[in-house]
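**Q** For the protein sequence lines, the chains are A and B, in the order given.
Residue numbering for the first sequence is 1 to 556, as defined by this note's numbering.
Residue numbering for the second sequence is 1 to 265, as defined by this note's numbering.
Hints are computed from structural coordinates only; laboratory data are not their basis.
Be careful, since some hints might not be right.
To be verified - Beyond 12 Å from chain B on every Cβ pair, some chain A residues (computed):
1. Asn71
2. Ala267
3. Glu269
4. Ser276
5. Ala299
6. Ser420
7. Ala432
8. Val497
9. Arg514
10. Leu519
11. Arg530
12. Pro534
13. Gly535
Claimed, not checked - Here are the simulated distance ranges between beta carbons:
14. A:Asp74 - B:Ser54: 53 to 61 Å
15. A:Asp74 - B:Val234: 55 to 63 Å
16. A:Ala307 - B:Ile95: 42 to 50 Å
We put the CB at the ideal spot given by N, CA and C, even for glycine.
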Amino acid sequence: MSFASVESLTLRHIGRRAPALRGLDLEWHQGERLLLLGPSGSGKSTLALCLDGVIPHSLDAHWEAGRVVVNARDTREARISDLVRDVGILFQDPEAQLVMLEVDDEIAFGLENLGVPRDRMRERIAAARAATALDSSTPRLLADLSGGTKQRVTLASLLAMRPRGLVLDEPTATLDPAGAREVLAAFASLAADRERSLLIVEHRVDEVLRHVDRVAVLDGEGHLAMEGDPDRVFLGEAQRLRSLGVWEPDLAALARATGAQRVPRTADEAAALVTSRDWPVVDEPVASARGRPLIAARAVRYRYERASRDAVAGVDIIVAEGECVAIVGPNGAGKSTLGLLLAGVLRPSAGEVTLAARSRVAYVFQYPEHQFVASTVRADLRFGLSACGVAPAEADRRATATLEQFGLARLAEANPYSLSHGEKRRLSVASALVTDPQVLLLDEPTFGQDRRNVDELGALVDERVRAGGTVVVITHDLPFVAAHATRVIALADGRVVFEGAPQELFARADVLTRCRLVLPPLAEAFRRARAQRPGLPLISSRAELDRALRRSAVPA
Amino acid sequence: MRAWSSALGRRDPVVKFAVVLVLSLLLVLVIDPITPLLFLALTLLAAAALGNVSLASYGRAFAVLAVVGLGFVWSNAILASAPGETPPLAVWGPIRVSEAGLRFGMAIALRGLAIGAISLTFVLTTDPTRFAVSLARNARVPDRIAYPLLAAYRFLPFLTDEYAQIHLAQRVRGAADASTFGGLRRRLRELVPLFATAVRRATRVAVAMDARGFAGASSRTYLRETPIGGGDVVFALVAIAGALALLWLSASAGWLRLWDGRFSA
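Chain B on its own, in the form it takes in the complex (with noise of 0.2 Å):
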């Protein structure tokens, strides 16, 4: 919540989401290591200073992104070696790995974190009620998809507690199904109480909201003020002018290397 009132939690969630599309996608084009590498820097930098974040909150999702990056590092490394190139970089018994393919699998690896890293910014610095209105009144979003968006968010920690009970009650009727399949059957069986409440408790929540007046509402008005500001403008401008400009230092160092429509090193 400290960070909702911080530079970056006072613009406008909307105008935020589309900085951060346009920069994940600038990433996508991107396949050499180091220009992921910048702009983690300049995002975890930007995050700190401006929004108010404390580092160590992206601890966790990156630990989950670094052991799913070191996966494609590995496999590209030693699959995407093209035979006859360059010599490769070691060789144990059938294994080769090469390079380039090293490189590739790192580049991708930290393409993700830095896409991770500007994701989660965006999470960490937003008031989801804020993120809804403004999808509602400014990206002209339905009202009958942006609140339900709402809804759903209240949802996800319900869901989790829900299936640690069902866990345990489950568990408590015994049967530890030794077969092969025993472990799948069992978690199937438990997401058939998991739905059960799911749906039901969605469906309330919809018949409540329509009590309130939500079907039918003609002329809906907003308790929150989302208007777009001149921050707002600015913010987009400097955060697209700081993406290039690193990709233009990044080009003049010789490090930057785009996408040139092959899937592999």
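The following block holds chain A by itself, in its conformation from the complex (with noise of 0.2 Å):
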């Protein structure tokens, strides 16, 4: 039975050309575990705001064609406030959609709107509470959770109010491994007790598809590209996955090297794919010999005006010419104040950094658009280049190489804030290496990035760092970590805690829990198998899997 249709619905934004949706056909089905895929910019999160009513009813769209039918209620002719009794929508960023100041009553925010009296409310709240694990050991004030806590209690404020479906649009996509975990753990839960349909949007594959019933993938234009049971779409699709920049499990590849016909769910059920075969062996990863010394810091500590402890407390490491290095850790922990310190922007409160002659480091920071500095994609990259003094007509000849070199030429004259998501990641890291620095800094880099982007930058970091470029990410994403860096720097409270090549971390579980981390699929799997029969290689990350397969498939 049908809990929601969507019918040949072609629907444009205000001030839009192009349709976010376009004749697109989606059955959601009574009690369904849904996982809705597609590359960024491909209309899920329109399609995510319709199934609630928001749009049309509280934002406005060109509705160009066809329908939407929740709970046998046409979208556009029910009023708003019955359809959110049907569908709860929970968003990316917890903080953007708080609104009170206190946990019960955010949770209660939603009820009072329905109505419900104050004495059931304090039993729903109660309820929705325990189903979201949050207990009396909860701070009460929302400003002293964490982000994974603060994305419970909107979730617990949607529970309250008992919906007959949940919509979860990347709930995830804005914490950190360990808030992921936390959230995707409630939704488990959610999954697990079937009495509600859900249909969630989440890049983080292989912790979800357990818990779904059917994939669903749109394509870049806003239509259907594929639908069915998972194994079937992740192992019989994966090249039209891979063509439309979708997230697919890691451990899909994992299934396919293995010839299984299903893709693991659960890491015992991944580990026993890996143990079913032969593996190429492969070099025990060493931290790799380095060059020369860019930037030193030593013994420093950095403090912010009015704060009652150091974000950096006495620090010493070293970047050196060639090598890309990771820097690791909880928020707070004080990585991009470090990374900050490393590029010069923040000077040492003691100890101090210093630099390499003829060096200069380029920071690109978590939000592009904070970067942008001028109307125009073609004046902001020329604006580093005047800043160091390059004559304009030389400056005009780098523009225009590093815009065909970033695949920005036919935008060249666009303002950069109207560029998509990953153009303007694209254009913030062109920007930055326009003046061709020594150090390349990243801040962040993949975070809310679909797939196909975080790979372009992926080869980008090898192509420097193979090219004897330094790069520093900072970032919470391991299987990146896995895939590029050749070295690991772990921070917590201020102090490196851990300093090493990335095989090496993901042996330290005590290092992976202090920091916060958690071990990417592959990782786990190859470490589980390990343990079972020992001279298996350890593989961590995609890339890595490639290249075991690889040479596989040449006989020695």
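Dock the two chains into a complex; use the hints.
**A** Following this line, the structure appears as structure tokens:
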């Protein structure tokens, strides 16, 4: 039986020329747990807003054709106050959906809007808190909560309204790995209850796969590209998924490599697949030989104005030519502060940072928009060049070459703010690289990016490192670290708690826990398998898996 | 938060707000320096005794108000001299400091300090959530205004952090613009991304509120009870009676001067 159906829906956002959704047909069955995937800009969020009635009741859009029926009600004819009783929606950023200052008030907010009497509200708040593991030890003020806990409060506030369906639109996209795990655990218990219809948009596919019944994939144009059983989609359509730029489970690659007909849902299942075949011997990774030191930090401390403790509390590190150093650690560990110190943007309160002669560090911030300084893409690129004193003619030449190199030539005269998510990221990196710095420092570069953008960025990092350049990446993204970093520095409370090769980090459960990191699914699978069969290679990322498979395809 | 459960903190925020308005209006009419000083002393006493507020929390705000206040004292002292009335207190070259001007300047400065202390006591002893709910229920402010106010309150620290980030991010791009308007131009450039993120985030919060039924809520209920009780009435009466008593005291001592409609000493 259908819970919601989208029928030939074509919808265009105000001020946009191209529709966000084009003739989209999608069934969401009663009690079904549906995973929705698509590259960024494919209309996933638009679809989520339509299912909730926010479009067209609260956000206006050009509804060009088709209709959306939820719980036998046409959403355009129903009132939004009725629609929100049917479907609740959890958005990406907890900060952008919290309204109140305290946990209970936040959970009550929706109930108050529905006109639930006060004594009934108390019961419902208690039930919603229990369902999301918010117990009496949870602080009362929202400002005191971590991102993951805030997101659980938002989820609780939706559950209290008792909707029959729930849409989760990338609920972990702004969280660190441990926060994401908290929210996904709450999702898992909802999925296990099977009381509601669930639709989740999520790129941590490995983690949610065991909780979903079906997968639907949108293409970049707002069409439904494919849908069906997860194993059929991920094992049968891998080629198309890749060309669409859609995240697929890492474990699907493992299933293909071992000829399995099913994508493993758990780490043990995955470990069993690993032990089911032979693997070529892969060189144990060693911390790579380092070149000339470019940046040296000695006993560096930094304390922000009016802070009660040091954000960076005595760090000694060296960044050398030709390496890709990843800086990992929990939120608030001082990663970005250390990055700003290494880049010379902040001056240490104590200790010193020295930069090799004639070297420059370019810093790319997490949010590309923060760094835009001009009203066209070309002018933004030229800005840095003239700041470095490059002559106008030479600046023109280099800007044009960089536009070509980053595939931005077509957008040279566009306003940076009008670019897509991925294009903005590309421009911010291009603007940093156009002046040819010795060190490129990237702060959370993969945050909220789709697979194609992350792959592109990874290739760029590899290429620079191969050419002798130096890259420093501040990130929570361990799969990215496994695939591209030559060395990892883990920070906690402003101090270095680990320094070594990515593989060594993955073997240190204590450091991972302390830094609120979660082992990538492939790393977990190979580690478990190796515990049963010593001698298996330690593979942690898609890139390493592909390399190992290429090697075994060529007989020695 | 400790102050929220104090005797002052438990009073209904809207009643408290009304009292703050009344006291501030009374003070605006006062143009002598002694009366505001009495108000200031009583306010700090009440805040410490009934509000559980540490007087240190006033320090920063007072420092700012004091700088502004000193400006008033100085400018009035030298500019507001009425020629021919009384001999100047001091003369430095062309600068003549008159007693009337000095007194008027001090009155304005202390008045600012007193109103500042009263307002700050309100802020420090009031739970913003209760204020918003009480505004909606007791002052009949539409929910459409009261709740977004609360969301905006959450917004302020975010904007500060965001601005600090943007400032650093833009500095990294280099280009210290040394021209006269370079600094101004840089500030303006920093406002563009700040404005863009602020607008986007405000829109998202508004959408999230509607997605939880805020739009079209017809018979809203409230988790928090906000009855105005006898304690609130007593508080309001005592506060206003106290203010009138101070005015009477000041008048009988011959200190009080009220505004007579002129804009200088």
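**Q** Output the indices of the hints that this structure fails to meet, ascending.
**A** Violated hint (a single one): 7; every other hint is consistent with the structure.
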